[in-house]
Amino acid sequence: MTHSEMDDLYELYLLGALEFEQAAEIAEHVDRQCAYCLAQLKESSRVIELLPGLVDIKQPPAELRDRVLAIAAPPVKKSRPQWPAAFALACAASLAIAFWGLGQQNKVEELNRQRNELRGALAILSQADTKTVSFGPGQSQAQTEPQGRVFISRNGGVVFLGNRLPQLAAGKTFEFWLVPAKGTPQPAGLFKTNAQGIAVNVLAKSVNPADYAAVAVSIEPATGSKQPTTTPILIVPLA
Amino acid sequence: MPSSEDKPSDAPLIAKLKERDPEALAAAYSRYGTLTYSLIVRITRDSAVAEDLVQEVFLRLWNRIQDFDDTRGSLNVWVLAIARNMAIDYIRSSHSRFTAKTRSLDQTDFASISYKANEVDNTLDNSKAVREAFTNLNPNQRKVLELAYFEGFSQSEIALRLEEPLGTVKSWMRSALTRLRTAMQEGRSK
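So the sequences go chain by chain: A and B. Using my numbering, you'd call the opening residue of the first sequence number 1 and step up by one each time. Using my numbering, you'd call the opening residue of the second sequence number 1 and step up by one each time.
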């Protein structure tokens, strides 16, 4: 596309309303600091950024303020496992390999997704209250079963890190579930394994570990399911 | 509406947030909490979910403020972009559309290149003009804009949802944005 052909697209780009090919083309200009595109985006953003002002104002409940301010409460000091650093290295390596392994068309989007996933995971792992639960066979057992760890933080969310998950058939995905002690499992993200067989799922939302008895993974159709439609391949008790 | 001179600058607030001053988080919530909550309620239509997501938004603000370039962007845009993305991710996830492509306004440069922080208030002053323009859009123009902004749909997704030709949807979208842009420019010139 020429710049004149892009002129009608900048606002749509900021809205996220463009199709992938057009968005990727503009993103490529942005990445190389194209002065024309940056100027057009700056101007276009003035309209898009006003759109939140169109919502009807709702007063949040007073206790929400307390919940938010609890975020900044000083953490309780305790010894931290060395997992975050190792995890970061593993993810970074995975990220780099995945980047070069992808096709031209989707590599930028995939790289951004993985980068954001890594950032989200590190934010969770850096929480002082993060609880770690390991799963899988011990050293003396057969090394063919799924193995990994679940990190869960009330303030940060949940990171699932696993390997040796089964091969997925075409059109299928892994779905991560939070399993309450009573009630039905709650969907908590879709994921696949990377080229190295490592699977990562990041759920960046407040999760009180006390509210859940377990986490689980099942194989679902590629668009995911509201409830598990297959027997979970993995159930990890959190207690 | 008070003039922009009456409104607090974000710069001291950002500096305090970067120092991890808990009072700064309280100030940020006072400044943006209500609009953030309102935006998320609008997108998710669920106040309980909105409460959880507001907490997530401010958690992300707290954890990622060091990445925020306060010389290039405005805090309110960043916060609201995070809120919009989280809310859209939520509805997509709850509708089993978790893997669908979403625009990541908070994680790309174009949000932060938008304008200087001290221009924010002038921009917000224009929101009344834009709101008026929005109410004057015809139903189709309003619908496509709402589907794009509040639900994160692409134009082709909107066309499918409305069972209208893609070209028609593009035309509605273009004319809607033009009217808003014109209203904003007129608001600026007043």
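Hints listed in this document are in silico derivations from the structure and should not be mistaken for laboratory results. No residue lacks a Cβ here, since even glycine has one placed at the ideal position from N, Cα and C. One should not assume that every hint holds.
What the hints assert, rightly or not - Capping the alpha-carbon separation at 27 Å, the derived lysine-lysine pairs in BS3-like fashion look like this:
| # | chain 1 | residue 1 | chain 2 | residue 2 |
| --- | --- | --- | --- | --- |
| 1 | B | LYS170 | B | LYS143 |
| 2 | A | LYS192 | A | LYS172 |
| 3 | B | LYS170 | A | LYS131 |
| 4 | A | LYS42 | B | LYS143 |
| 5 | A | LYS205 | A | LYS182 |
| 6 | A | LYS42 | A | LYS131 |
| 7 | A | LYS131 | A | LYS58 |
| 8 | A | LYS226 | A | LYS192 |
| 9 | B | LYS128 | B | LYS143 |
| 10 | A | LYS172 | B | LYS143 |
| 11 | A | LYS58 | B | LYS128 |
| 12 | B | LYS170 | A | LYS205 |
| 13 | A | LYS205 | A | LYS192 |
| 14 | B | LYS18 | A | LYS205 |
| 15 | B | LYS170 | B | LYS128 |
| 16 | A | LYS172 | A | LYS226 |
| 17 | B | LYS128 | A | LYS205 |
| 18 | A | LYS205 | A | LYS226 |
| 19 | A | LYS131 | A | LYS205 |
| 20 | A | LYS172 | A | LYS205 |
| 21 | B | LYS143 | A | LYS58 |
| 22 | A | LYS182 | A | LYS226 |
| 23 | A | LYS182 | A | LYS58 |
What the hints assert, rightly or not - Covered, in the sense of this in silico footprint (three residues per stretch, anywhere, with C-beta under 8 Å from a C-beta of chain B), are these stretches of chain A:
| # | region |
| --- | --- |
| 24 | 4-12 |
| 25 | 15-28 |
| 26 | 54-67 |
| 27 | 164-173 |
| 28 | 226-237 |
Right, here's what the structure says about each hint:
no., hint, result
1, B:LYS170 to B:LYS143, "holds (12 Å)"
2, A:LYS192 to A:LYS172, "holds (9 Å)"
3, B:LYS170 to A:LYS131, "violated (49 Å)"
4, A:LYS42 to B:LYS143, "holds (25 Å)"
5, A:LYS205 to A:LYS182, "holds (20 Å)"
6, A:LYS42 to A:LYS131, "violated (43 Å)"
7, A:LYS131 to A:LYS58, "violated (35 Å)"
8, A:LYS226 to A:LYS192, "holds (18 Å)"
9, B:LYS128 to B:LYS143, "holds (19 Å)"
10, A:LYS172 to B:LYS143, "violated (33 Å)"
11, A:LYS58 to B:LYS128, "holds (17 Å)"
12, B:LYS170 to A:LYS205, "violated (35 Å)"
13, A:LYS205 to A:LYS192, "holds (20 Å)"
14, B:LYS18 to A:LYS205, "holds (22 Å)"
15, B:LYS170 to B:LYS128, "holds (25 Å)"
16, A:LYS172 to A:LYS226, "holds (15 Å)"
17, B:LYS128 to A:LYS205, "violated (33 Å)"
18, A:LYS205 to A:LYS226, "holds (18 Å)"
19, A:LYS131 to A:LYS205, "holds (15 Å)"
20, A:LYS172 to A:LYS205, "holds (25 Å)"
21, B:LYS143 to A:LYS58, "holds (22 Å)"
22, A:LYS182 to A:LYS226, "holds (17 Å)"
23, A:LYS182 to A:LYS58, "violated (32 Å)"
24, 4-12, "holds (count 3)"
25, 15-28, "holds (count 8)"
26, 54-67, "holds (count 11)"
27, 164-173, "violated (count 1)"
28, 226-237, "violated (count 1)"
Consistency with the previously given hints fails for numbers 3, 6, 7, 10, 12, 17, 23, 27 and 28, ordered from lowest to highest.
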